[in-house]
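Q: Hints given; two lone chains; assemble the complex.
Protein chains in written order, with the UniProt record's numbering: chain Z, 1 to 115; chain L, 1 to 202.
Be careful, since some hints might not be right.
What the hints assert, rightly or not - Restricting the straight-line Cα-Cα distance to at most 20 Å, the calculated cross-link-like pairs of lysine to any residue (SDA-like) are:
#1 L:Lys38 - L:Gln172
#2 Z:Lys98 - L:Leu42
#3 L:Lys91 - Z:Val89
#4 Z:Lys106 - L:Cys184
#5 L:Lys192 - Z:Arg112
#6 Z:Lys106 - L:Cys29
#7 Z:Lys106 - L:Glu25
#8 L:Lys185 - L:Glu86
#9 Z:Lys34 - Z:Arg61
#10 Z:Lys98 - L:Tyr49
The hints are simulated quantities; they were obtained by calculation from the structure and are not laboratory data.
Everything numeric in this text was worked out from a predicted model, so none of it was measured.
Here is what each chain is made of, one letter per residue.
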Amino acid sequence: MALHSAIKGKLVSVIGDEDTCVGFLLGGVGEINKNRHPNFMVVDKNTSVSEIEECFKRFVRRDDIDIILINQNVAEMIRHCIDSHLQPVPSILEIPSKDHPYDPTKDSILRRAKV
Amino acid sequence: MASDILDVCRELDDLMIRLLELMEEHIQCKLKLQDIMKSSCLDLAKARYIMGTRNVSYLQLPTKESAEITALRTVASLVETGKNLEHVVFKLCTVNPEHIASEKQEEEGSLRNRRGKGEDKRKEQDDLSSKKCEGSEFVTATDPIKWFGCLVPQNLRQAQKGFHAALEVVIQSANIQSELEATCKKFEKLFKLKAGLAAGKS
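With the rest of the complex left out, here is chain L (with noise of 0.2 Å):
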């Protein structure tokens, strides 16, 4: 029973620890974030400043009433389980927009040969509709530094880049956040225990 009880705390010490760290990665992460974030946002008044104020601002993003838009970067997750300890584990994942288009036209490539060879005017008319299919795709599949313009000043490319460097920062903090978020949990859990144990040697 004492045994059992010293186990206990003995990983609820490495548990303290553990969580402590986190919460110092967890601030740094945060901090490095609002570094990137605010070079990054001058980077954006400066291309402001040369395009004019209406030019970079929310009225080019998409709307409701614009077409199907692809994201670019997505996440993917797993379930990490290491030393004992089952958290959420995100990884962030870059799509090529040429690669979408591709993708999408040779989609369309096999369902046109799917059709058969008396088919000759219907086979027209999905070809001009497939045209302006690929068109749309196109657009929804593009950099969206391309809503800004054709020609866009340096600057909006560095802040480009720079969030793209703030991205790469939240999934390490979401990582984070998560392993911190189970780390609670177990200790929670083996706090209770303790309570546990101690009252019934009591």
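One chain only, chain Z, in its complex shape (with noise of 0.2 Å):
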């Protein structure tokens, strides 16, 4: 076993409701950039897919970012882009939150695994 290619430390960044981005921000992952660009989205029930997908899509673009949290409710609205993304870099991770607990058969990742 070999480790090689050290890249500087990243971001996490969180889309998810309320008390996920409130609770990994206390966690310490926050961050506002110099641009004031922050690396979390706080979804409730007025925020629309379109802006979900947008700042998702921001997120994969930015650099910065190595891994990034939806919870999977909100992953389940824009499961379009999370099945065309395909990198390994970011890591996208669909966790669970405190209204939807996890369901193994609709992580993107098992349903790839499965085929």
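A: Set out below in structure tokens:
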């Protein structure tokens, strides 16, 4: 086993409900960079799918983000975007939320592995 | 030719077993994350009950208008090669807020020392502006729990600890996912190779 090509520390971004965002930001992952771009998005009942999609694409384009955490119920709304992302970095992790428990049948990675 | 196919088949079997193991680990990891998040959200709810609904919400999170904020927990990624499988490995990096503040102060100090002796007036102005900067940077590198006030309930601290643990599980899950994807790709590649070899044989 060999380790090589070290890269400097990058961000973990969060797209999710209020508690998920508050929690992970409390955990210390939140950042607002020099251009005033945050690495998180709070999704509530008034947030449109296009807004989530746009935010997700923006996070994927950013080269300072290595992991995107997204609530599974939010991921369901932009499933086509998540399925089309095939690069290993940024890694997209579907996480459960307070109101929506984890469902392995909806996880895009497991569905890809099954095929 | 026959031994080639046998080798490929053997490797495919090994990969399939590893794939199933990884899928199991992936699900277990997500369920573990779910448990941690559930208990941490309960702590957040208790803190909300003590402090008031609006005092533990997204309203306390920094916005585009607020000062620049540095992440205290980041990830470092490395490419690991083992058993002919190349995949990304993530590692959690924890930054000490005091360390960031002292580093920035040192940077400023060295910049201030570069000025000549005859620039006393400018130096005074510099000192004033740097004090302002230090103040704002202290805010940026502060512990996120301070966004919610100075005297926060114990539940909020427990929630923070829970989300720290959740982050570690997230990294573990990201590593499993990365290996899973790499294994899948290799499996598909070998499967095509096997089909090619079988077609050549017939």
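Q: Which numbered hints turn out to be false for this structure?
A: none
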